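Trainee: Sequence:
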Amino acid sequence: MHCLVTAGATYEPIDEVRRLTNHSTGRLGCALADALARAGHRVTLLLSETALHNPRSRKVRILRFNTTRSLQQQMKGAATLKVKAIFHVAAVSDFTVARPRRGKIPSAESLTLTLKPTPKIIRQLRRWHPEAFLAGWKYEVTGR
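Residue numbers (the numbering used here): 7 to 150.
Bear in mind the hints are in silico, worked out from the structure with no lab data behind them. Everything numeric in this text was worked out from a predicted model, so none of it was measured. Glycine included, every Cβ here is placed at the ideal spot set by N, Cα and C. Careful, some of the hints might be misleading.
[Unchecked claim] Just the calculated beta-carbon pair ranges, DEER-fashion: (1) K65 with A141: 17 to 27 Å; (2) R107 with S63: 35 to 45 Å; (3) N28 with F139: 19 to 29 Å; (4) E55 with K90: 23 to 33 Å; (5) E115 with G46: 51 to 61 Å; (6) I68 with S113: 29 to 39 Å; (7) R105 with R33: 30 to 40 Å; (8) L140 with E55: 20 to 30 Å; (9) K65 with S113: 38 to 48 Å.
[What the hints assert, rightly or not] The calculated lysine-lysine pairs, modelled on DSS-like cross-linking and capped at a C-alpha distance of 25 Å, are: (10) K126 with K90; (11) K82 with K122; (12) K88 with K65; (13) K82 with K65; (14) K88 with K126; (15) K144 with K90; (16) K144 with K126; (17) K65 with K90; (18) K144 with K82; (19) K82 with K126; (20) K110 with K122; (21) K122 with K144.
All chains should be built: construct the whole structure from the sequences, respecting the hints.
Mentor: In structure tokens, the structure reads:
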């Protein structure tokens, strides 16, 4: 069975130097990809460019993403793979900067950012992968 796993954090640029992100390391998604490969499944892993972990199995095919938009494009493009199961473990940014600045914002300036919601990728997965089993994760601070 062909499985698609996502792992790590997206980031959203503030300017060409700074970004909004989260603490996801990619550890859980990489461990899941390894377990699926050991069980004999074909695995494609969409892994964040900033992930601190990598799968150990050489059988796992790795594709990289960075922003929410790039992850969204990778997942939509994966529809051609005809995956049977999707494990959406990646920590996707809830917000993006409305107008990222070119260059570097001078550090002597005050900074006010306008954030706008990012698209909820998990809500689009059924349209792109109508036959696939879907499992998603959501990070909660309280553990509930």
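Trainee: Run every hint past the structure and note whether it holds.
Mentor: Verification of the supplied hints:
no.: 1; hint: K65 with A141: 17 to 27 Å; result: 21 Å, holds
no.: 2; hint: R107 with S63: 35 to 45 Å; result: 40 Å, holds
no.: 3; hint: N28 with F139: 19 to 29 Å; result: 26 Å, holds
no.: 4; hint: E55 with K90: 23 to 33 Å; result: 27 Å, holds
no.: 5; hint: E115 with G46: 51 to 61 Å; result: 55 Å, holds
no.: 6; hint: I68 with S113: 29 to 39 Å; result: 35 Å, holds
no.: 7; hint: R105 with R33: 30 to 40 Å; result: 33 Å, holds
no.: 8; hint: L140 with E55: 20 to 30 Å; result: 24 Å, holds
no.: 9; hint: K65 with S113: 38 to 48 Å; result: 46 Å, holds
no.: 10; hint: K126 with K90; result: 21 Å, holds
no.: 11; hint: K82 with K122; result: 22 Å, holds
no.: 12; hint: K88 with K65; result: 18 Å, holds
no.: 13; hint: K82 with K65; result: 22 Å, holds
no.: 14; hint: K88 with K126; result: 21 Å, holds
no.: 15; hint: K144 with K90; result: 21 Å, holds
no.: 16; hint: K144 with K126; result: 12 Å, holds
no.: 17; hint: K65 with K90; result: 17 Å, holds
no.: 18; hint: K144 with K82; result: 20 Å, holds
no.: 19; hint: K82 with K126; result: 13 Å, holds
no.: 20; hint: K110 with K122; result: 21 Å, holds
no.: 21; hint: K122 with K144; result: 19 Å, holds
When the structure is compared with the earlier hints, no violation turns up for any of them.
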